[in-house]
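There are 2 protein chains.
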Amino acid sequence: MEEEKRPILQFAPFQSVVDEGFWHRLSSLKLNELGIDDSPIPISGFYAPCSHPQVSNHLTLLSESLPSEASEKSSTSHGNRNRCWVPGTLYNTNTLETYHGLDKQALLKAEAKKIWDDIHSGKAVEDSTLLSRFLLISYADLKKWSFHYWFAFPALVLEPAATLNDIKPASQWFSSKEAESLSAACNEWRQMTATADVPFFLVSVKSDSSVSLRPLKDWELCDGDGQQLLFGFYDPCHLPNNPGWPLRNLLALIAARWNINKVRFLCYRENRGFADLGLSLVGEALVSVPTGWRDHDCVPTAVGWELNRSKKGSRCISLAKTMDPTRLVVTAADLNLKLMRWRALPSLDLNVLFSVKCLLLGAGTLGCQVARMLMAWGVRKITLVDNGRVAVSNPLRQSLYTLDDCLNGGEYKAIAAVKSLKQIFPAVEAEAVVMSIPMPGHPISSQEEESVLNDCRRLHDLIDSHDVVFLLTDTRESRWLPTVLCATSNKITITAALGFDSFLVMRHGAGPFSLSINMSNLSLSENKGKHRLGCYFCNDVVAPIDSTANRTLDQQCTVTRPGLAPIASALAVELLVGILHHPNG
Amino acid sequence: MEEEKRPILQFAPFQSVVDEGFWHRLSSLKLNELGIDDSPIPISGFYAPCSHPQVSNHLTLLSESLPSEASEKSSTSHGNRNRCWVPGTLYNTNTLETYHGLDKQALLKAEAKKIWDDIHSGKAVEDSTLLSRFLLISYADLKKWSFHYWFAFPALVLEPAATLNDIKPASQWFSSKEAESLSAACNEWRQMTATADVPFFLVSVKSDSSVSLRPLKDWELCDGDGQQLLFGFYDPCHLPNNPGWPLRNLLALIAARWNINKVRFLCYRENRGFADLGLSLVGEALVSVPTGWRDHDCVPTAVGWELNRSKKGSRCISLAKTMDPTRLVVTAADLNLKLMRWRALPSLDLNVLFSVKCLLLGAGTLGCQVARMLMAWGVRKITLVDNGRVAVSNPLRQSLYTLDDCLNGGEYKAIAAVKSLKQIFPAVEAEAVVMSIPMPGHPISSQEEESVLNDCRRLHDLIDSHDVVFLLTDTRESRWLPTVLCATSNKITITAALGFDSFLVMRHGAGPFSLSINMSNLSLSENKGKHRLGCYFCNDVVAPIDSTANRTLDQQCTVTRPGLAPIASALAVELLVGILHHPNG
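Chains as they are written, first to last, in UniProt numbering: chain A, 1 to 585; chain B, 1 to 585.
Worth flagging that the hints you see were computed from the coordinates, not collected in a lab. Please read these numbers as outputs of a predicted model, since none were measured by experiment. Check the hints yourself; a few may be wrong.
Treat identical chains as interchangeable: a pair holds within one or across any two.
Said to hold, decoys possible - Straight-line distance between alpha carbons at most 16 Å, and here's what the computed EDC-like set of lysine to aspartate or glutamate pairs gives:
#1 K168 - D461
#2 K104 - D37
#3 K311 - D324
#4 K419 - E431
#5 K419 - D404
Generate the whole structure from the sequences, applying the supplied hints.
Have a look at this one:
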């Protein structure tokens, strides 16, 4: 039989090319919007007529392949002439096990059925972009920044396979006049917005050698009126004897809808943005319509899972190494917090935490731990006030310092703490203020008067320019002036204090209902009726005096149960988080 | 009047020289034994006959000037020929305010009265070392390693003052024969153990020019038997015209007991360890016994507070800069703990904590914080087991890591944690073990079998060689094998585990009464009747399986309230401290 000698028509498969931006946006989408929702997501791939062997058969995914995030405006256009749109579906699983357990055959079949349905309904004739589809299954490990993924480019299988009568460069197929006219028509088609990214079309060659391109749906109009018709498609392949993958579903459409046995096709390829008829191919394929294809319910077999180094297999990419470490840390920090929002604490408002400005008075045992806790909760604007230096007895309990900070007389605590916070989380906006807090009961000389008044003004300005003040010093009297200033400025004020066996965490300053927290700019504006809370000194009739005077060493602040400061600090920060999330503040 | 033309006898005062070792031992004594007890402490000063202008008038305090600590055996001898003993009294106050508020006049008077009493009772004649006394007031700031102090060398004041008939080098006073005999007698006196450090003596010059030294108490025997008698004393002074300070109280004794008006004295001085009669002086002083001195109740006026740069004033020395930083940190770490023993927690047994060996399984959020807490409580032997590497999302919650540990794929957590612990407290004996904990429900291939069995053996050996095991991993099944091994080895086992809003801290393994904690070597030996506690798995009928399988990101361990790990860790470590201090374990 003559047919048996004819070679089978073989297609070069798509190769997926995923830009890192895609994975970044996927991570962000998953973390910020989707949470545990693992419904399929419509995504877009892009390809172009081949212009270079190095990009041959590429189906490219970019960050814009994913739905834009709620906060962004999406552009309406799908693609452009160099990025012809291919609709896809993303199945991003929540766990690696689910990923590996996906029923890949069923998924491919479902995607193929969409193509089949569009062929039967005629939608694919109206909008030929629907003929090429792809699907992507993935698992994004947002902790390690690694992504497991596998692409499929579903192709409906003709049984028996199409065979090839002939295939040759288009420049040899057409007369020079036809070729000239075809080039012009193609370039025009590719330059018009309406058709630039329409990947399937008709090539009509009239008897006068004039060639025009027409949409696929014109087939029924043109058929039988004497012109020669070829089926054209943007071919991502550069091979001299094989068409690219898109032709498979085009042949399926032709066979299923129009029952044509001898199909002439044009593999349209470009060079430097212009039709290149030396690269482009024209072929003639013989197609038998498989039995049962007329029956809509019979979905044809589909193939198309991408090979990984010539074998079927999942791929994995790790972005951790290529990412800027600082950015990695910031995203990783967000990760832990955003994951809390998925289920455990959906109401957690990270924007409030990101933007609230916290002033920490004291950078000792409490100050260090409160700063760590604030950062762990997502607070990024932290100012630390302390006038002391790091002493050798500090690092064991003051968790931001090491032995290095004690050398040469000791670094200022505020400065060492800020340095340490940045080593933990480089995006923190931490500031160090080395100053004393003026204290009642600590007499000053007349020479010191001016500088103490300056400290008062400076403290006032610091409190004014922050949203929340933590009082974390080690004497009663150092809490007095800040307490008064916080009450005056109506600031959220949180006091933490340690005894040996006991601790105090309390809120004063601005009370519930006295603040309306404006989420957009986080300015804390007063309502008409202030509701202030009693403070540390309110039920304490003893005037603050110098409590450090005549204290023995074991009466000083470091003599506490070592576990107390972490407990008090954890609760103090959770108190703030609670206040910031309560509707009445 | 002839007397008025005679010059007043002037004495070169003592100068205090305090070795750093004295302050170190004082710190240790205060911290470990005295606590807030500020009773006066008997101390010792040392001086020697002057041998060099550079050490002229020195009264030296060394570490052995303080009572030896309970744990040490004190040597019975007070001094030797180059360290003649001077009894002193130390008033070390608890606060700087008390120090400055001390009634220095009263203290000096009290010390002078001791001398006066010893003169009157005759004790000072029997034991002439009692004639020179000193007192030291101090405040030791153990946090800053600075020491405020002031010496007094009480001298009874003769009124009117003694005047000087003559003073000249001994070599000019004595005939050469006498001088030769005197030198020999002095050298013999200084070489005999019984007399080497006896600072006051009689010099008897017979008519045959032979000279002998005799104890002071022989005065009454010798007086009036025709020999010439001089009062000799070890003179710390090198000046050619002035005797040193010890002569003052000797003159007082002579005047008060024996009522001698014309006193000949020998200022005994040495050069290179031998009597030097060219340096030594002989003088003749005229003394009037002050009125009322016969009355015991009339305590003479005393002087003697040391001058600081020619003015009366307290001195301060800071040792922080000269101390080895590592040693400083160790002592500072001890400081916080030892201060707890003064009043807040007198029963705190630091030796148990210093020597208990803790094995931490897991160096994540809990492992880091438990290690910090253990160190803060004084635990120094810590082994950390983890097979993971530090990831960028870790430092915000895992308090031993910084961004640097995440570079180049991340350091092993166990190794990074140990490095960090040493930066906080260089004397910690921390070890890192990078290994996996074999887990039920996590199938292994036959190739892995040998290495997993090795891990089992290694874990067994690790548990065996420690006293306490903390289970701080992030899965249920990784706690299974250690739980079983701890029960078998009868080890104190503490489990800490985090949920999002909840945590668990529990004790299992060895229970109360099952251990007798041997304080001396801390071996935990079993009693006959074991009392074991129920474990993590006892009331849990579900077999451990791979719980990490199919967990979404937000179901993994880092999704907890950030404040939870510090709270759970603080309580887990306090649980251990409690167990170690309970009489029944």
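Hint by hint, here is what the structure shows:
no. : hint        : verdict
1   : K168 - D461 : neither (81 Å within a copy, 75 Å between copies)
2   : K104 - D37  : neither (20 Å within a copy, 80 Å between copies)
3   : K311 - D324 : neither (33 Å within a copy, 64 Å between copies)
4   : K419 - E431 : within (9 Å within a copy, 27 Å between copies)
5   : K419 - D404 : both (12 Å within a copy, 13 Å between copies)
Of the hints listed earlier, those the structure fails to meet are numbers 1, 2, 3, in rising order.
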